[in-house]
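Q: Here is what each chain is made of, one letter per residue.
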Amino acid sequence: MSATAFTRTTTRHRRTRAAARGLGWFSIGLGVAQVLMPRVVAGVAGLRGSERFVRACGVREIVTGIGILAARRPGPWMWVRVAGDAFDFAALGSAHNVRRPASRALLGAVAAVAALDAGCANALDRIERRGRPPVRDYHDRRGLPLPPVAMRGAARKDFEMPPDMATPALLAPWPPVALRP
Amino acid sequence: MKALCWHGKKDVRYDTVPDPRIEDPRDAIVKVTSCAICGSDLHLYDGFMMGMESGDILGHEFMGEVVEVGAADHRLKVGDRVVVPFTICCGECEQCCRGNFSVCERSNRNKALADKTFGHATAGLFGYTHLTGGYAGGQAEYVRVPYADVAPVTITSGLSDDQVLFLGDILPTGWQAAVQCDIQPTDTVAIWGAGPVGQFAIRSAVLLGAKQVIAIDRVPERLGMAQAGGATTINCEDESVVERLNELTGGKGPEKCIDAVGMEAHATQSLDSLYDRAKQAIMLETDRPHVLREMIYVCRPAGTLSVPGVYGGLIDKLPFGALMNKGLTLRTGQTHVNRWTADLLRRIEEGQIDPTFVVTHVAALKDGPEMYKTFRDKKDGCIKVVLKP
Ligand SMILES: NC(=O)c1ccc[n+]([C@@H]2O[C@H](COP(=O)([O-])OP(=O)(O)OC[C@H]3O[C@@H](n4cnc5c(N)ncnc54)[C@H](O)[C@@H]3O)[C@@H](O)[C@H]2O)c1
Ligand SMILES: [Zn+2]
Ligand SMILES: [Zn+2]
Numbered sequence: 015m016s017a018t019a020f021t022r023t024t025t026r027h028r029r030t031r032a033a034a035r036g037l038g039w040f041s042i043g044l045g046v047a048q049v050l051m052p053r054v055v056a057g058v059a060g061l062r063g064s065e066r067f068v069r070a071c072g073v074r075e076i077v078t079g080i081g082i083l084a085a086r087r088p089g090p091w092m093w094v095r096v097a098g099d100a101f102d103f104a105a106l107g108s109a110h111n112v113r114r115p116a117s118r119a120l121l122g123a124v125a126a127v128a129a130l131d132a133g134c135a136n137a138l139d140r141i142e143r144r145g146r147p148p149v150r151d152y153h154d155r156r157g158l159p160l161p162p163v164a165m166r167g168a169a170r171k172d173f174e175m176p177p178d179m180a181t182p183a184l185l186a187p188w189p190p191v192a193l194r195p
Numbered sequence: 004m005k006a007l008c009w010h011g012k013k014d015v016r017y018d019t020v021p022d023p024r025i026e027d028p029r030d031a032i033v034k035v036t037s038c039a040i041c042g043s044d045l046h047l048y049d050g051f052m053m054g055m056e057s058g059d060i061l062g063h064e065f066m067g068e069v070v071e072v073g074a075a076d077h078r079l080k081v082g083d084r085v086v087v088p089f090t091i092c093c094g095e096c097e098q099c100c101r102g103n104f105s106v107c108e109r110s111n112r113n114k115a116l117a118d119k120t121f122g123h124a125t126a127g128l129f130g131y132t133h134l135t136g137g138y139a140g141g142q143a144e145y146v147r148v149p150y151a152d153v154a155p156v157t158i159t160s161g162l163s164d165d166q167v168l169f170l171g172d173i174l175p176t177g178w179q180a181a182v183q184c185d186i187q188p189t190d191t192v193a194i195w196g197a198g199p200v201g202q203f204a205i206r207s208a209v210l211l212g213a214k215q216v217i218a219i220d221r222v223p224e225r226l227g228m229a230q231a232g233g234a235t236t237i238n239c240e241d242e243s244v245v246e247r248l249n250e251l252t253g254g255k256g257p258e259k260c261i262d263a264v265g266m267e268a269h270a271t272q273s274l275d276s277l278y279d280r281a282k283q284a285i286m287l288e289t290d291r292p293h294v295l296r297e298m299i300y301v302c303r304p305a306g307t308l309s310v311p312g313v314y315g316g317l318i319d320k321l322p323f324g325a326l327m328n329k330g331l332t333l334r335t336g337q338t339h340v341n342r343w344t345a346d347l348l349r350r351i352e353e354g355q356i357d358p359t360f361v362v363t364h365v366a367a368l369k370d371g372p373e374m375y376k377t378f379r380d381k382k383d384g385c386i387k388v389v390l391k392p
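The listed protein sequences correspond, in order, to chains Y and A. Residues in the first sequence are numbered from 15 upward in steps of one, following this note's numbering. Residues in the second sequence are numbered from 4 upward in steps of one, following this note's numbering.
Same shape as in the complex, but just chain Y (with noise of 0.2 Å):
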């Protein structure tokens, strides 16, 4: 049971590395179609005439993106890409009639994003406040024959228990014969 919650924690920890490699990359591709054809990105965005700004904030995704693939530990990174997010859709909030269905998903298609950066960087610094992970898995080191749930109690069939080590009698369970088995 426990062995498979360490597992699970690995797991997650592989998952969250790679949902951080993921948006990383994410924001680089998003970068630099920003600064190469800020013209496109505007016209999708329904930001025309903010060709500028649209490039600007490519360059700021470029800088995110490489920041949380290069650095060591990718969680203060991530949280940039939160308030970029939290900025982007501020700007577009302003710019956009949010009656207007098109502009709804746009917005609602940011806000989807920011709540998995926000996620992933939530998950980023739980990982990074706890100890550092495992550097070898030892947990096919089980030094038992079945699982220790079978193997719970397997020594009390032929042990007997030195009487100058039990408790006791004053503390031992009290009727004593019901705890033993």
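Since the hints were derived computationally from the structure, they do not count as laboratory data. Built from N, CA and C at the ideal position, the CB exists for glycine as well. Incorrect hints may appear among the rest.
[Said to hold, decoys possible] Here are the simulated DSBU-like cross-link-like pairs (lysine-lysine), alpha carbons at most 35 Å apart as the crow flies:
hint: 1; chain 1: A; residue 1: Lys282; chain 2: A; residue 2: Lys329
hint: 2; chain 1: Y; residue 1: Lys171; chain 2: A; residue 2: Lys214
hint: 3; chain 1: Y; residue 1: Lys171; chain 2: A; residue 2: Lys376
hint: 4; chain 1: A; residue 1: Lys282; chain 2: A; residue 2: Lys214
hint: 5; chain 1: A; residue 1: Lys282; chain 2: A; residue 2: Lys381
hint: 6; chain 1: A; residue 1: Lys376; chain 2: A; residue 2: Lys34
hint: 7; chain 1: A; residue 1: Lys381; chain 2: A; residue 2: Lys214
hint: 8; chain 1: A; residue 1: Lys12; chain 2: A; residue 2: Lys376
hint: 9; chain 1: A; residue 1: Lys255; chain 2: Y; residue 2: Lys171
[Stated by the list, open to error] Estimated spans, in silico, between C-beta atoms of each pair:
hint: 10; chain 1: A; residue 1: Met327; chain 2: Y; residue 2: Pro159; range: 40 to 48 Å
hint: 11; chain 1: A; residue 1: Leu317; chain 2: Y; residue 2: Pro147; range: 36 to 44 Å
hint: 12; chain 1: A; residue 1: Gly354; chain 2: Y; residue 2: Pro147; range: 29 to 37 Å
hint: 13; chain 1: A; residue 1: Phe121; chain 2: Y; residue 2: Arg170; range: 33 to 41 Å
hint: 14; chain 1: A; residue 1: Leu317; chain 2: Y; residue 2: Arg86; range: 37 to 45 Å
hint: 15; chain 1: Y; residue 1: Leu83; chain 2: A; residue 2: Asn328; range: 55 to 63 Å
hint: 16; chain 1: A; residue 1: Gly316; chain 2: Y; residue 2: Asp154; range: 38 to 46 Å
hint: 17; chain 1: A; residue 1: Val20; chain 2: Y; residue 2: Arg86; range: 44 to 52 Å
hint: 18; chain 1: A; residue 1: Val81; chain 2: Y; residue 2: Arg86; range: 57 to 65 Å
hint: 19; chain 1: Y; residue 1: Asp154; chain 2: A; residue 2: Glu352; range: 46 to 54 Å
hint: 20; chain 1: A; residue 1: Val20; chain 2: Y; residue 2: Arg146; range: 35 to 43 Å
Put chain A with the ligands on the given structure of chain Y with help from the hints.
A: Frame of chain Y, contents of chain A with the ligands only:
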């Protein structure tokens, strides 16, 4: 011959030293085939045990082949394969007759010094301080084994060194730690320290039928290995040990607590650690009792504390009021190794436990100084080091 010698704090060297010879007719000389570094050696390495002298040969966990036997030793023969328990015992004194081998009344040749320090002397130990006889240890090519007709365990089956080596110390130590708890099927056993001793205590507690075994440490690899053995784990760096233990026991605390950490306990998130480190530095206190304090505090009333962890001198701020009022039983001691060896050897032969799981590093004896560091710093996932002379 070559041996690992203590030269001061954090100073272990691979030295050339004189070969041991038979000094008493009951002696034997053993050619070491495998030896290990123990958590107890770290207390010497870190300079926390008194009574060490520069040049002392380290090591108390070893096995090998008998190459010479004294005239009065009628039990061993040249060529026998033996595991040598770290406790030297005469087999005849009142304590030995009671099976209290680690407090043998005769094997400590520095009895006067030990009497003065501890009130009454305890047994002689290999490769340990002069308080325990100052006998040359087993991290060497050859060892003189005093009273060799008593303690050494002869291995006749085809088991490998790694399978039986730990019969001399950490396997019986983990076992006795659990036995001393007199585990009932309804018991939760909490074990501080998931080092080699803690690992064996976990397996022993499982085999002896504990309902729940909880291991506490802060080294992730060790917690992983503890989980493999069936323990629920608490990382004392991330979580409050007392809170978690209470949570896992319906608010009542574990019935049985084992201290497999000893005098160099780390304390995270607590003030007492600073206090202890400061006092230790100015020699007002020799040991850091953080784990003892925690155990006394969290243990269920009428419960048992079992302390295989080694302490050497003085501690303070021990909540003795809690210990007394809660009616706790306190059991301690260097392990009475020979009480358990026959039974445990049988369990290994029958496959009930395979001690090799704990070995993470194997190296040549000459790499010993480096391996002390690796083991001490828990580098590279190190849990147990076996050295081959
Ligand atoms: N009684 C005996 O006969 C006997 C025999 C062998 C070893 N020992 C003693 O047993 C103890 C453990 O030996 P080992 O070989 O496993 O050593 P070790 O140093 O490898 O293990 C000690 C473990 O305790 C952990 N630890 C430190 N502070 C802690 C805390 N506050 N809470 C929980 N865990 C903490 C460390 O991270 C480490 O993993 C040592 O004191 C050693 O001297 C006693
Ligand atoms: Zn030891
Ligand atoms: Zn004796």
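Q: All hints, please: hold or fail.
A: Results of checking the hints against the structure:
no.: 1; hint: A:Lys282 / A:Lys329; verdict: holds (28 Å)
no.: 2; hint: Y:Lys171 / A:Lys214; verdict: holds (16 Å)
no.: 3; hint: Y:Lys171 / A:Lys376; verdict: violated (42 Å)
no.: 4; hint: A:Lys282 / A:Lys214; verdict: violated (39 Å)
no.: 5; hint: A:Lys282 / A:Lys381; verdict: holds (26 Å)
no.: 6; hint: A:Lys376 / A:Lys34; verdict: holds (25 Å)
no.: 7; hint: A:Lys381 / A:Lys214; verdict: holds (30 Å)
no.: 8; hint: A:Lys12 / A:Lys376; verdict: holds (12 Å)
no.: 9; hint: A:Lys255 / Y:Lys171; verdict: holds (29 Å)
no.: 10; hint: A:Met327 / Y:Pro159: 40 to 48 Å; verdict: holds (43 Å)
no.: 11; hint: A:Leu317 / Y:Pro147: 36 to 44 Å; verdict: holds (38 Å)
no.: 12; hint: A:Gly354 / Y:Pro147: 29 to 37 Å; verdict: holds (33 Å)
no.: 13; hint: A:Phe121 / Y:Arg170: 33 to 41 Å; verdict: holds (35 Å)
no.: 14; hint: A:Leu317 / Y:Arg86: 37 to 45 Å; verdict: holds (43 Å)
no.: 15; hint: Y:Leu83 / A:Asn328: 55 to 63 Å; verdict: holds (58 Å)
no.: 16; hint: A:Gly316 / Y:Asp154: 38 to 46 Å; verdict: holds (40 Å)
no.: 17; hint: A:Val20 / Y:Arg86: 44 to 52 Å; verdict: holds (46 Å)
no.: 18; hint: A:Val81 / Y:Arg86: 57 to 65 Å; verdict: holds (58 Å)
no.: 19; hint: Y:Asp154 / A:Glu352: 46 to 54 Å; verdict: violated (23 Å)
no.: 20; hint: A:Val20 / Y:Arg146: 35 to 43 Å; verdict: holds (39 Å)
Hints 3, 4, 19 from the earlier list are contradicted by this structure; the remaining hints agree with it.
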